[in-house]
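There are 2 protein chains.
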Amino acid sequence: MEKENITIYDVAREAGVSMATVSRVVNGNSNVKQATKDKVLAVIDRLDYRPNAVARGLASKKTTTVGVIIPDVTDMFFSELARGVDDVASMYHYNIILANSDDSGTKELQVLENLLAKQVDGIIYMGNGLRDKLRDQFSHTNVPIVLAGGVDEKNQIPTVNIDYAAATKDAVTKLINNGHKQIAFISGSLQQAINQNYRLQGYKAALEEAGIAFDEALVFETQYTYNAGFELANELYGTDATAAFVGADELAAGILNGLTDRGVDVPNDFEIITSINTKLTQITRPQLTSISIPMYDMGAVAMRMLTKLMGKENIENGRLSLPYGIISRQTTR
Amino acid sequence: MEKENITIYDVAREAGVSMATVSRVVNGNSNVKQATKDKVLAVIDRLDYRPNAVARGLASKKTTTVGVIIPDVTDMFFSELARGVDDVASMYHYNIILANSDDSGTKELQVLENLLAKQVDGIIYMGNGLRDKLRDQFSHTNVPIVLAGGVDEKNQIPTVNIDYAAATKDAVTKLINNGHKQIAFISGSLQQAINQNYRLQGYKAALEEAGIAFDEALVFETQYTYNAGFELANELYGTDATAAFVGADELAAGILNGLTDRGVDVPNDFEIITSINTKLTQITRPQLTSISIPMYDMGAVAMRMLTKLMGKENIENGRLSLPYGIISRQTTR
DNA sequence: ATCTTTCTTGCAAGCGTTTACATTTTTATT
DNA sequence: AATAAAAATGTAAACGCTTGCAAGAAAGAT
Numbered sequence: 001m002e003k004e005n006i007t008i009y010d011v012a013r014e015a016g017v018s019m020a021t022v023s024r025v026v027n028g029n030s031n032v033k034q035a036t037k038d039k040v041l042a043v044i045d046r047l048d049y050r051p052n053a054v055a056r057g058l059a060s061k062k063t064t065t066v067g068v069i070i071p072d073v074t075d076m077f078f079s080e081l082a083r084g085v086d087d088v089a090s091m092y093h094y095n096i097i098l099a100n101s102d103d104s105g106t107k108e109l110q111v112l113e114n115l116l117a118k119q120v121d122g123i124i125y126m127g128n129g130l131r132d133k134l135r136d137q138f139s140h141t142n143v144p145i146v147l148a149g150g151v152d153e154k155n156q157i158p159t160v161n162i163d164y165a166a167a168t169k170d171a172v173t174k175l176i177n178n179g180h181k182q183i184a185f186i187s188g189s190l191q192q193a194i195n196q197n198y199r200l201q202g203y204k205a206a207l208e209e210a211g212i213a214f215d216e217a218l219v220f221e222t223q224y225t226y227n228a229g230f231e232l233a234n235e236l237y238g239t240d241a242t243a244a245f246v247g248a249d250e251l252a253a254g255i256l257n258g259l260t261d262r263g264v265d266v267p268n269d270f271e272i273i274t275s276i277n278t279k280l281t282q283i284t285r286p287q288l289t290s291i292s293i294p295m296y297d298m299g300a301v302a303m304r305m306l307t308k309l310m311g312k313e314n315i316e317n318g319r320l321s322l323p324y325g326i327i328s329r330q331t332t333r
Numbered sequence: 001m002e003k004e005n006i007t008i009y010d011v012a013r014e015a016g017v018s019m020a021t022v023s024r025v026v027n028g029n030s031n032v033k034q035a036t037k038d039k040v041l042a043v044i045d046r047l048d049y050r051p052n053a054v055a056r057g058l059a060s061k062k063t064t065t066v067g068v069i070i071p072d073v074t075d076m077f078f079s080e081l082a083r084g085v086d087d088v089a090s091m092y093h094y095n096i097i098l099a100n101s102d103d104s105g106t107k108e109l110q111v112l113e114n115l116l117a118k119q120v121d122g123i124i125y126m127g128n129g130l131r132d133k134l135r136d137q138f139s140h141t142n143v144p145i146v147l148a149g150g151v152d153e154k155n156q157i158p159t160v161n162i163d164y165a166a167a168t169k170d171a172v173t174k175l176i177n178n179g180h181k182q183i184a185f186i187s188g189s190l191q192q193a194i195n196q197n198y199r200l201q202g203y204k205a206a207l208e209e210a211g212i213a214f215d216e217a218l219v220f221e222t223q224y225t226y227n228a229g230f231e232l233a234n235e236l237y238g239t240d241a242t243a244a245f246v247g248a249d250e251l252a253a254g255i256l257n258g259l260t261d262r263g264v265d266v267p268n269d270f271e272i273i274t275s276i277n278t279k280l281t282q283i284t285r286p287q288l289t290s291i292s293i294p295m296y297d298m299g300a301v302a303m304r305m306l307t308k309l310m311g312k313e314n315i316e317n318g319r320l321s322l323p324y325g326i327i328s329r330q331t332t333r
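Protein chains in written order, with full-length UniProt numbering: chain A, 1 to 333; chain B, 1 to 333.
Everything labelled a hint here was simulated from the structure, so no lab data went into it. Don't take every hint at face value.
Given that identical chains are not distinguished, each listed pair holds provided it fits within a single copy or across any two copies.
As the list claims (entries may be wrong) - No more than 20 Å apart at the CA atoms, straight line, and that leaves these computed lysine to aspartate or glutamate pairs for DMTMM-like:
#1 LYS33 / ASP215
#2 LYS133 / GLU231
#3 LYS33 / GLU313
#4 LYS61 / ASP10
#5 LYS107 / ASP87
#6 LYS308 / ASP121
#7 LYS279 / ASP102
#8 LYS62 / GLU113
#9 LYS133 / ASP48
#10 LYS154 / ASP48
#11 LYS279 / GLU231
#12 LYS154 / ASP132
#13 LYS181 / ASP38
Could you build all of it, start to finish, from the sequences and the hints given here?
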């Protein structure tokens, strides 16, 4: 067994001061005489006192905890973001409550409810779109929220991401410059704003700029999984596409391997550019050319922005687009 | 702005009952007349009342929150575990505070301190070993802890994992049966118990059983990264090893690609078995033969065990070894 | 009708802090 | 040495809920 929970009161008694004073030294309040501070600190050390954060939270209305709504920790894109978030969170002495939403509307709502009940000081939201119901709830709360890595079409919520439309346009243009006219656009659900309103728009913009007609038949909507890609390779094989822009790395890996298995020579017969630049891009053979997204940084910056919001600091700009790049590897010539 | 925080007291007043009664209906306490329950529920709904979990935590001494110490969410092995943990946690209405430790002793200690301050009801610990200092802290607290996916050499802490030694032995034996005598053992730091006391022991056991002498020169200790593997491939090339057991998938992918790039034909000139069976194993070409570890399940089972511990239920067995398998793919013949 | 027993409800004391505000001690000023 | 100002400390009221205990209401038993 272990000594009973020792409280601020015990420390006060042992040190011969009031609990207020103990509270002050614990919180680094300036007006405490050095002598008493030392005395208190010594007792704290001796008694092995550890302030109860829950009581603290109740009294101060601050929990130093932020909620993180994430579709799936298992997804490399999001886990990188989460890592960035956690690193700066802990830098600012916040903890994160991590909640998987599976990108499901109902789960998100429920998770949000939970987080708010737990009195989190702020929320980092990750997702592939922002459903209206959730947006509603967001606007009904005073808890600061920032979107990390996602898009907010209505520009209502502080967001840190990259310019997905521009990045996609760049990628597709690169393909066009390599001589392709029939370029497949492959992404996850077009229900998701990020695909429908950003990536696809960037794709169209690139085509338009090059005077190439948009062909609905070259747009493929599927799951973000390796297997989906692998299967899609067959379908792709039947079209006259000679290159593809792909919205996710795992998916791209599947397509690449599927195509290769059918005897297609990538990049000579077919070029591929993927979108995330996770570790996967270096592991496949040939290695995947990719847009490079600063995932970790997006998470870190989003969290930093959140700390400012929580501290009631003024945010100069609530919509940050971080720089991206395109890394040429072996799936393009 | 938003309506001021509404409390249980507001609900009580509006419903014409005492706060105790409101508390009872909120907590699903049985002895409340149906009529008053309905009345209260209606008010709760109308006022959009949301119980304050912090106050609840203070009063009840339960936070319905568990801490998860994880080396790195970005590591696929651990993120899968974490996902399993979160899924059953939310199933039992717990939230998780996720804290990255980078497998660093000091960070772990600090994170633990934090978690305890936040009054978590339990802790899931993930790591590649369990340092004595941490073990000490663990034993000094009343908060239940379970190890997920790791090993506890001293068998003191409830643990859910697989039999790493046996799995390794099986893998190496498979290699031996394929005719190899010079089998490299490649893992992360041998400082980590899981490598030193389990995997390496399994490796030695397999050799011994086959009457093959252990050769120190075939043991490689490195980082768990793709690049480390890629570079190690060169080194490996200089030895007379004809096969390798590898402790992590990313590392194995690096070795595979490094070897392939040097013109080694895997599996004909060299066979590889890796240890985790993450998605990577299907993405490399050739695909990696691997021990299959039920990561998600380990996390889920560990969390389930923790719920029992937190509920003061008796644990029949605090040391669960889940079944593992070996999946033959293309890096073995 | 009266007395038990069983349900329902209310009362009030915590839970461990923070934080105005008040009070006391120190230091500076004249 | 007396007084004002500043610094250090203490007092006690929140914070929003749970929960043991007591009291009142309803239902059964005789």
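Practice problem: State the violated hints by number, sorted upward, taking the hints as numbered earlier in the document. | Solution: 1, 2, 3, 10, 13
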